[in-house]
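Enquirer: Chains A and B, in that order, are what the protein sequence lines are.
Under our numbering, read the first sequence as residues 1 to 374, first letter to last.
Under our numbering, read the second sequence as residues 1 to 374, first letter to last.
Hints are computed from structural coordinates only; laboratory data are not their basis.
Take these hints with a grain of salt, some might be off.
No copy labels: a pair is met if it fits in one copy or bridges any two.
With a Cα cut of at most 20 Å, we get these calculated EDC-like pairs of lysine to aspartate or glutamate [said to hold, decoys possible]:
| no. | residue 1 | residue 2 |
| --- | --- | --- |
| 1 | K327 | D233 |
| 2 | K238 | D289 |
| 3 | K69 | D85 |
| 4 | K268 | D339 |
| 5 | K327 | D16 |
| 6 | K268 | E309 |
| 7 | K238 | E309 |
| 8 | K69 | D138 |
| 9 | K69 | D253 |
| 10 | K63 | D87 |
2 protein chains.
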Amino acid sequence: MPGSVGIVCSQFAHFDEPLTLRSGAVIHGYDLVYETYGQLNSDKSNAILICHALSGNHHVAGKYSAEDKGSGWWDNMIGPGKPIDTDKFFVIGMNNLGGCHGSTGPSSVNPVTGKPWGSSFPVVTVEDWVESQARLADLLGITQFAAILGGSLGGMQVLQWSISYPDRVRHALVIAAAPGLTAQNIAFNDVARNAILTDPDFHGGDFYAHQTRPRRGLRLARMLGHITYLSDDVMGSKFGRIMRTEGFQYGFDVEFEIESYLRYQGDKFAESFDANTYLLMTKALDYFDPTHHGRVGTLSDALKPATAEFLVISFTTDWRFSPGRSKEIVKALLDCGRDVTYAEVTHGHGHDAFLMDDPYYHGLVANYMSRVAP
Amino acid sequence: MPGSVGIVCSQFAHFDEPLTLRSGAVIHGYDLVYETYGQLNSDKSNAILICHALSGNHHVAGKYSAEDKGSGWWDNMIGPGKPIDTDKFFVIGMNNLGGCHGSTGPSSVNPVTGKPWGSSFPVVTVEDWVESQARLADLLGITQFAAILGGSLGGMQVLQWSISYPDRVRHALVIAAAPGLTAQNIAFNDVARNAILTDPDFHGGDFYAHQTRPRRGLRLARMLGHITYLSDDVMGSKFGRIMRTEGFQYGFDVEFEIESYLRYQGDKFAESFDANTYLLMTKALDYFDPTHHGRVGTLSDALKPATAEFLVISFTTDWRFSPGRSKEIVKALLDCGRDVTYAEVTHGHGHDAFLMDDPYYHGLVANYMSRVAP
């Protein structure tokens, strides 16, 4: 019977060695918060890294206490007997640099100034995250991961790992990802960013000093994000034109169920997430491009260094990163003669399907992982 | 050689008779601004009404002066020798009630208070627009239109005309429309509305008294709207990942061309459009539903009163109101035994294709109109 990893706790790692980012900016010392599930074996060959997406964090599986009503964000995927089997693998979840869940980010205090970094926190890229993740692996004595796994922006980090550190990744599981954003993807991100940037409570990113938060902007960004995470179909079947009110109210308060859902999601997010982190995450998405604007050639050229075996998974109704985008990755990997398994999962939920507990999808991952040596 | 209707001027009509809206609210007297092109024939049988979409207005064709750099918004469709031929037809464009281009709307002065209507302007529906348009027709002595034509929200007004006043519409041209919004459509509208409603400069809709405008909110609403008006394909081919800057700037100013385009569109709109009108227009879209939430049965039941002949046109890459939505209308009309011509135009531009000068599309309209008696 698949179970839970149980009660977990977060750990911190401090890094003193300065990290030079792709932008040229240098971070002098930083913390990363992470969690681990399962046991690292004696030759440290059974480690799996989970890379999170835009609003994710290091709390991937398990609960913080017996009373904890929630679980880690990918608890259905990771645990004893689950597709990522913690009886066999040692799994690491971490919060990316620039995040707002414990790793050093814009809301952290900059030791040099004694104030939150705010607008002075540098823009981080997917490459920078991989560097910082590699340092965490070094600290834990892991020279090579059995697998690295991620969905959406997490999948981009997996791709980057396979390019930056081919020797350190045996299996790369790239789920609901894309080899770069389209103009439409960038456009949605830019609207979200502008909602935050133009919120008077943003104060140029230094809202911490004003004892406020740009809730309006974050709320709009999250509402908009949610539209792109769901398929038109699932929105139609879950909400359709169902109303919460008895007939039309002829005003601008919530009337349709979909409005109530979006506003609730927006409000919840605006209370808990850091606006500067949101900006950074969307920018990392926009910037991700293994071809570096074609300077290293085509995507096939960019993926040439990769030596991992790949599992690439897409979802039929994902219109944010459509199956076609995954196929671009698969084609490039095949051009390089890489070993790739590709599956397009029929799923009605859209982009967020990668977080769902779907037997076929999870069966695919479980089956793939069954042939991964620990 | 197809030409222009030339120099045009706007006209005003004042209506003293109170208009009771669907909401129950009553407007005691209002103005409508309109333009006409071509000559009304002696039996007043050659009139065509153009219904505008969200941000449209009464200036449909021609120029205001010889120096006028712009033309009416559907100038490519309407004029001597054009698909809607003003040598044959008398064409009327009007600004809808609640608009911000001359017809009575939230930015107009309420004669009772001597102040702009602002938040007290009632929510208007597609049905209400048809009522007010019918009164304008009465004033001009037009008992029956040869055709009523509109794209997007304009197409919804055409549908409503065919239901509300079957005897007054001989031909109904419904372009890039839908028989009602999906949850996703409503969701986008709700994000746009929330951007406006939560802008501190909105002042609950009474910003006129504060000598300000909710520019931030309107700008975001328009940026978002533009994403849904364009196809992913055309955004990709026009903008792709092209940058305006030399390499990444690692900040949040404009870097990609698509960002520049969207912000420009947003800024331009925010300076000229009224925020309250934007709210009203999106609400009219949300509310439009000929079935009245199924209370009058199916769409086929709702369209039973219609006696017009129909031309329904959709565009392949329109993901806002996809061809499937037009086919719902066509199916319902066929269920009613109506005479319907349907065309799905292959066009890369998305929803906004209905405004484009496309020979195949215009040929279809011209061909259909050639058999419409003046």
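Enquirer: State for each hint whether it applies.
Expert: Now the hints, each set against the structure:
Taking the shortest Cα distances, K327 and D233 sit within 20 Å of each other only across copies (17 Å), while inside one copy they are farther apart (22 Å). Taking the shortest alpha-carbon separations for K238 and D289, only the inter-copy value of 19 Å comes in at or below 20 Å, while the best intra-copy value is 35 Å. Taking CA atoms no more than 20 Å apart as the test, K69 paired with D85 passes in neither setting, with 23 Å inside one copy and 67 Å between copies. For the homomeric pair K268 and D339, neither the shortest alpha-carbon distance inside one copy (42 Å) nor that between copies (51 Å) is at most 20 Å.
In this assembly of identical chains, K327 and D16 lie within 20 Å of each other by CA distance neither inside one copy nor across copies; the values are 40 Å within and 63 Å between. Taking CA atoms no more than 20 Å apart as the test, K268 paired with E309 passes in neither setting, with 39 Å inside one copy and 50 Å between copies. With identical chains, the CA atoms of K238 and E309 are never at most 20 Å apart, being 38 Å at best within one copy and 36 Å at best between copies. With identical chains, the CA atoms of K69 and D138 are never at most 20 Å apart, being 34 Å at best within one copy and 65 Å at best between copies.
For the homomeric pair K69 and D253, neither the shortest alpha-carbon distance inside one copy (31 Å) nor that between copies (41 Å) is at most 20 Å. Only within a single protomer do K63 and D87 lie at most 20 Å apart by alpha-carbon distance; the minimum there is 17 Å, versus 75 Å between protomers.
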